[in-house]
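Sequences and hints are given; from them, build the entire structure.
There are 2 protein chains.
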Amino acid sequence: MSNYDDSFDKLEELSMVDSLVQLSFVIQNILAKIGTQHDLSIIQIRLLGILRDREPSMLQLAKHLGLDKSSITGLVDRAQRRGLVERTVSQSDRRGFNVRATPAGWKIIHEVGEQIERQITLVTEGLTGEERAQLIALASKILVTTPGVSR
Amino acid sequence: MSNYDDSFDKLEELSMVDSLVQLSFVIQNILAKIGTQHDLSIIQIRLLGILRDREPSMLQLAKHLGLDKSSITGLVDRAQRRGLVERTVSQSDRRGFNVRATPAGWKIIHEVGEQIERQITLVTEGLTGEERAQLIALASKILVTTPGVSR
DNA sequence: ACTATATTGTTTGTATTACAAACTTTTTAG
DNA sequence: CTAAAAAGTTTGTAATACAAACAATATAGT
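Protein chains in written order, with UniProt numbering: chain W, 1 to 151; chain G, 1 to 151.
Misleading hints may appear alongside valid ones.
For identical chains, the list gives no copy identity; a pair is met inside one copy or between any two copies.
[As the list claims (entries may be wrong)] Under the rule of at most 20 angstroms between Cα atoms (straight-line distance), these lysine-lysine pairs were calculated in the PhoX-like manner: (1) K69 with K107; (2) K107 with K33; (3) K33 with K69.
Since the hints were derived computationally from the structure, they do not count as laboratory data.
Below, the structure written as structure tokens:
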């Protein structure tokens, strides 16, 4: 009877599958909506999120994002065209680039981050402090025991 | 310091935002991977999921999925071309169709559903029965207080 | 040093997804 | 009975994603 659907009719007696799947859609929709406000897709948000504390090569980006390397070219191209990231030539390997956020990229990911923070907080507003702590603990427990998500 | 990234480095001290965002990516990756095995995208899984207990019109589908009606045409077209769904003319409104799963569609969504069930169960395997119940309760609490996700 | 192989990233071609605006057909309202 | 609304489709555009082929550089083996 599970739904694989973020429709919000009849929430009675959710199974583990339903509750997690629907919750994931709620979160993803938050990310998508905030992204839209900044003309960013979820994948672009993830790209910028990675670049907050790294300057990875194209290949490392591909691994981080779980995409083929050929997908990264266009992703970075578009972000670069918008002035959000830049390629810097690697001095150790003249084939490769490192990708890093520009100041404009930093600015936008900072804003997006704050909005995500606010929206997620809003969504969990109905929980008590204890419940929130429980949720973090449970999610973390799942995450640590979950083998690498991006392959 | 949150990541908006499903990379699995340093899980120490996750915030609410991080834990929920990363958890959502874990779930979405499960859906995507299982979909890939059946040559289905997440949106196609959702389409078939909806059709398990409904025969909506194109417009109702658009609302359920949170997409523009023009996006539904192609989505249904492709599923129909694969023999997974069919359009049935509405007798009440000669402009409209109802979309329903074919036996092949039922079969595939059933299989996909079982796999999703198994994978999600696997991911929550580290939790005790009580923790599982807690997680369902917490997710449900969030879901009921979250206003319509698909507009 | 030199050749063979591997690696990094781009290009090309294809398919899906998604939207917006314009359009067709049918329905409903006045 | 005509004007407006509604249901879907079409058209055009863009982003996303992959796979295979390719260019340039790096590395290994001899």
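Consistency of the hints with the structure:
1. K69 with K107: neither (26 angstroms within a copy, 35 angstroms between copies)
2. K107 with K33: Classified as within: same-chain Cα gap 18 angstroms, cross-chain 33 angstroms, threshold 20 angstroms.
3. K33 with K69: Intra 27 angstroms, inter 18 angstroms, cutoff 20 angstroms: inter-copy only.
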